[in-house]
Amino acid sequence: MKERKSVSAGRQRGFLSSRQALVLLGLLFMTPAFVAWVMHNSTEEGWRPDGTTNRGVLVHPARPLTLPAGMQVADVAANDYLQGKWTLLYIGDADCDESCAGNLYKMRQVRIAQNENMNRVQTLFMVLGDGVPDALRELLEKEHANMDEAIVPAALAGQLAPDFLIDGVSMEGAERVYFIDPMGNLMMYYPAEADPGGMLKDLSLIHISEPTRPTT
Numbered sequence: 026m027k028e029r030k031s032v033s034a035g036r037q038r039g040f041l042s043s044r045q046a047l048v049l050l051g052l053l054f055m056t057p058a059f060v061a062w063v064m065h066n067s068t069e070e071g072w073r074p075d076g077t078t079n080r081g082v083l084v085h086p087a088r089p090l091t092l093p094a095g096m097q098v099a100d101v102a103a104n105d106y107l108q109g110k111w112t113l114l115y116i117g118d119a120d121c122d123e124s125c126a127g128n129l130y131k132m133r134q135v136r137i138a139q140n141e142n143m144n145r146v147q148t149l150f151m152v153l154g155d156g157v158p159d160a161l162r163e164l165l166e167k168e169h170a171n172m173d174e175a176i177v178p179a180a181l182a183g184q185l186a187p188d189f190l191i192d193g194v195s196m197e198g199a200e201r202v203y204f205i206d207p208m209g210n211l212m213m214y215y216p217a218e219a220d221p222g223g224m225l226k227d228l229s230l231i232h233i234s235e236p237t238r239p240t241t
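What the sequence shown shows, in the numbering used here, is residues 26 to 241, in sequence order.
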């Protein structure tokens with residue numbers, strides 16, 4: 026009689042029956058999935074955490090680049106320039122509007138943020154046109170002294186375009202920053218609205234090896 030009272034008192038103090046315990050465990054396991062389903066379907070595009078849409082877009086498979094034979098960068102052939110270092114590349118018009126200036130700034134900051142590995146990353150601005158106007162020259166000399174440049178006239182741009190045609194979007198007006206590996210393969214790109222913090226996170230996942238640019 027005393028034992029029955031003890032069991033009854035125990036249940037009144039909050040002990041669960043085996044069935045109640047199973048139901049509770051089921052709810053605990055199902056709740057995260059239910060919450061995720063609700064958040065995913067709460068908008069047309071689904072909910073995503075902040076910062077997840079600004080990372081690079083992989084080019085799969087990576088594209089070996091073959092730049093026009095007549096293109097020069099930093100007094101070397103453009104194809105040789107791409108060998109041995111990681112390259113952040115921007116292709117834009119000579120007038121370099123606000124979006125262009127923003128991308129050049131991101132490239133500079135990402136390179137500087139590599140600290141002791143900074144010399145293993147190079148930045149390149151391919152200028153579509155017949156030359157560099159005074160306003161752009163002033164910007165590059167003042168803000169981007171360590172950025173290389175290449176002039177891409179219309180004849181060379183036509184040869185260059187197929188390598189940078191991605192998802193039906195041409196290089197002209199795409200406002201993308203392209204990421205090229207030390208073997209000259211186009212492996213990733215960043216849209217105009219990309220956060221430089223996302224670019225840094227991507228680079229932190231990549232082993233930036235010692236530069237091995239071939240000697241001539």
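Quick caveat, the hints were computed from the structure, so don't treat them as lab data.
Among these hints, one or two may not hold up.
For each label pair, taking beta carbons as the anchor points, the in silico distance ranges come out as [to be verified]:
1) Ala99 <-> Gly193: 29 to 35 Å
2) Ala102 <-> Glu166: 30 to 36 Å
3) Glu168 <-> Gln139: 16 to 22 Å
4) Ser229 <-> Ala87: 18 to 24 Å
5) Met208 <-> Asp159: 33 to 39 Å
6) Gly154 <-> Gly193: 30 to 36 Å
7) Thr91 <-> Ile176: 17 to 23 Å
8) Arg162 <-> Ile231: 29 to 35 Å
9) Glu163 <-> Ala99: 15 to 21 Å
Computed from a predicted structure; not experimentally measured.
Glycine residues also receive a C-beta, built at the ideal position from the N, C-alpha and C atoms.
To see whether the hints hold, each was checked on the structure:
The hinted range of 29 to 35 Å is satisfied by Ala99 and Gly193, whose Cβ atoms lie roughly 32 Å apart. Between Ala102 and Glu166 the Cβ separation comes to about 24 Å, which falls outside the hinted range of 30 to 36 Å. Checking the proposed 16 to 22 Å range against Glu168 and Gln139 shows it holds: the Cβ atoms sit about 18 Å from each other. Against the hinted window of 18 to 24 Å, the Cβ-Cβ separation of Ser229 and Ala87 comes to about 19 Å, which satisfies the hint.
Take Met208 and Asp159: their Cβ atoms lie about 36 Å apart, and the range 33 to 39 Å holds. The hinted window of 30 to 36 Å between Gly154 and Gly193 is violated, with their beta carbons roughly 24 Å apart. Between Thr91 and Ile176 the Cβ separation comes to about 18 Å, which falls inside the hinted range of 17 to 23 Å. Checked against the given bound of 29 to 35 Å, the beta carbons of Arg162 and Ile231, roughly 32 Å apart, stay inside it.
Checked against the hint of 15 to 21 Å, the C-beta distance between Glu163 and Ala99 comes to roughly 20 Å, which is consistent with it.
Violated hints, in rising order: 2 and 6; the structure is consistent with all others.
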